[in-house]
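Enquirer: So the protein lines, in turn, are chains A and B. Going by our numbering, the first residue of the first sequence is number 104, and it counts up by one from there. Going by our numbering, the first residue of the second sequence is number 104, and it counts up by one from there.
Quick caveat, the hints were computed from the structure, so don't treat them as lab data. One or more hints might be untrue.
One copy or any two copies: either way a pair holds, since identical chains are not told apart in the list.
As a list, the in silico DSSO-like pairs of lysine-lysine whose alpha-carbon atoms are at most 30 Å apart [stated by the list, open to error]: (1) 174 x 151; (2) 133 x 208; (3) 259 x 207; (4) 133 x 161; (5) 174 x 253; (6) 208 x 259; (7) 208 x 151; (8) 253 x 151; (9) 133 x 259; (10) 151 x 252; (11) 133 x 253.
Protein chains: 2
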Amino acid sequence: MAGTQGAPSLPDHAVRERLLEVATQLFARKGYAATTTREIVAAASVTKPVLYYYFRSKEGLYLELVQDAFKQFENVVDTSIMGSGSIEQKILRLCDQVFDLVLKKIEVVRLVYAFYYGPPQGAPFFDFDAVHQRLFEAIEQLVMEGMRKKELGKGKVEDMVWAIFGALNITIENELCHPERELGHVGLRRILRLLFQGISTARGRRRGEKR
Amino acid sequence: MAGTQGAPSLPDHAVRERLLEVATQLFARKGYAATTTREIVAAASVTKPVLYYYFRSKEGLYLELVQDAFKQFENVVDTSIMGSGSIEQKILRLCDQVFDLVLKKIEVVRLVYAFYYGPPQGAPFFDFDAVHQRLFEAIEQLVMEGMRKKELGKGKVEDMVWAIFGALNITIENELCHPERELGHVGLRRILRLLFQGISTARGRRRGEKR
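Generate coordinates for the entire structure from the input sequences, incorporating the hints supplied.
Expert: Here it is in structure tokens:
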């Protein structure tokens, strides 16, 4: 078929990655709807059939992009909650490693924000809330473990999850909007520590009646 | 001129408000670029000259919309930091009243998020970062006051501001994305209280060496 004549004879991982990378940047900068297949292949210095070979279409490329990032995110979450240590260490590690992935995939994160908050752009459906939900559940699991082990004080599990989520979330949004502030890993860790001084058992016991 | 022939002879506040309201909804739902003047006037049941009379153009209407919300936001911030009480009470009040305005203007907030994170839509420039900056400074002022009065423990002012900002921010984003969770004012207050158990003096003194 005409569509595959110009395709490489062997899959070339680097070309596929380059297409994903330039498409992410174009989608994030111009918007999904305003980015054409022609622009993507031109930016990647390949021909249209190469894009069709790997992804079938702009829609296919987009889905691959977000699904791939989601899989990496799930891996990070799954492995980071399994490690050992105190609950404080585990929560710091989870947030740290999720933030690490955010930095590596900052353009994909920018794109996700644009899709999530921006006007409809006619892209195929992807359940962005699932990302949020998975992270919520991971933090929730650690908070509940911390309560069982009495490393965290009494209180509403949900509130503690939101407080932790809020610290991670504002650090991510700072990175998206004001990377020059350089809050980064170190800032995230300091903010979480401030919060832990509130939710660890020692304080919880003394102030239990106020909760 | 033809453009003003259909304008009302006396300014009608309700009509102006209705135009702002329907435009906000259309901009937020369809995007700024995809919304036409024709659609706005149709949704408000007025003629085009009425829109031109009040706002001159779609651009003018949009600027009025965001500037008006910004002014209200500044008023809320200015008045709520002036009240009396402990620093904890003052910070809770500030967050509570900002969140109150967010609920009242939730469609404008949605629009601001779409402009801030979404693809370029050709709207006239508005400095959304100024909103963020004003709120940051207000919280910063209260945190510094709290440190001076020894109601807050030692630590980096910036970290405490981000921790407080993070709690407010995640509550606002919950309201935008998942209003059904009903975190709301009560949830925001509980999350902030969790945080205060960490940043209030009693804990600061005991854990001062870890900061």
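Enquirer: Against the structure shown, which of the earlier numbered hints fail to hold, in ascending order?
Expert: 5, 8, 9, 10 and 11
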